[in-house]
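Visitor: Sequence:
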Amino acid sequence: ELAEPWTGARPAALLVVSSDPWRTAGDARERLELYAAALIERVTQGEALHDLPVDDDLALILDSLREVVAPRLDACGPG
1 ELAEPWTGAR PAALLVVSSD PWRTAGDARE RLELYAAALI ERVTQGEALH DLPVDDDLAL
61 ILDSLREVVA PRLDACGPG
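Residues 1 to 79 (the working numbering) are what the sequence shown spells out, left to right.
What the hints contain is simulated information worked out from the structure, not anything from laboratory work. Keep in mind that a hint or two might mislead.
[What the hints assert, rightly or not] Cβ-Cβ distance ranges computed for the label pairs, FRET-style:
1) Glu67 - Leu34: 18 to 28 Å
2) Glu41 - Ala75: 36 to 46 Å
3) Leu60 - Pro11: 28 to 38 Å
4) Ala12 - Glu41: 15 to 25 Å
5) Ala48 - Val16: 28 to 38 Å
6) Leu73 - Ala9: 29 to 39 Å
7) Ala9 - Ala75: 17 to 27 Å
No residue lacks a Cβ here, since even glycine has one placed at the ideal position from N, Cα and C.
Use the sequences and the hints to build the structure in full.
Guide: Dropping the structure here:
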């Protein structure tokens, strides 16, 4: 449940995405969503992601965002 107290890990990458208190599972979910949105923004803007851990599955997902999803969104036009 989202209102349950968060007792799990608090990775540094998630600590920096928000200055709000991190008390509940809902707070953890919000941080994951913010992190994912920022990562997608970086990928679609063509930013190099040298600060991410090496992971084959993550690389496939990010490559797909960069090479398939972003061009299709661009083809749709602005807003």
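Visitor: Against each hint, give a clear statement of whether it holds in the structure.
Guide: So, going through the hints one by one against the coordinates:
Taking 18 to 28 Å as the suggested C-beta distance range, the pair Glu67 and Leu34 conforms, at roughly 24 Å. A beta carbon spacing of about 19 Å between Glu41 and Ala75 contradicts the range 36 to 46 Å that was offered as a hint. At roughly 22 Å, the beta carbons of Leu60 and Pro11 sit outside the given window of 28 to 38 Å. Separated by about 19 Å at the C-beta atoms, Ala12 and Glu41 satisfy the suggested range of 15 to 25 Å.
Between Ala48 and Val16 the beta carbon distance is about 19 Å. The supplied range of 28 to 38 Å is therefore violated. In this structure the hint that Leu73 and Ala9 lie 29 to 39 Å apart at CB holds, the actual value being about 33 Å. The given range of 17 to 27 Å is broken by Ala9 and Ala75, whose C-beta atoms sit roughly 40 Å from each other.
Checked against the numbered hints given earlier, the structure breaks hints 2, 3, 5 and 7 and satisfies all the rest.
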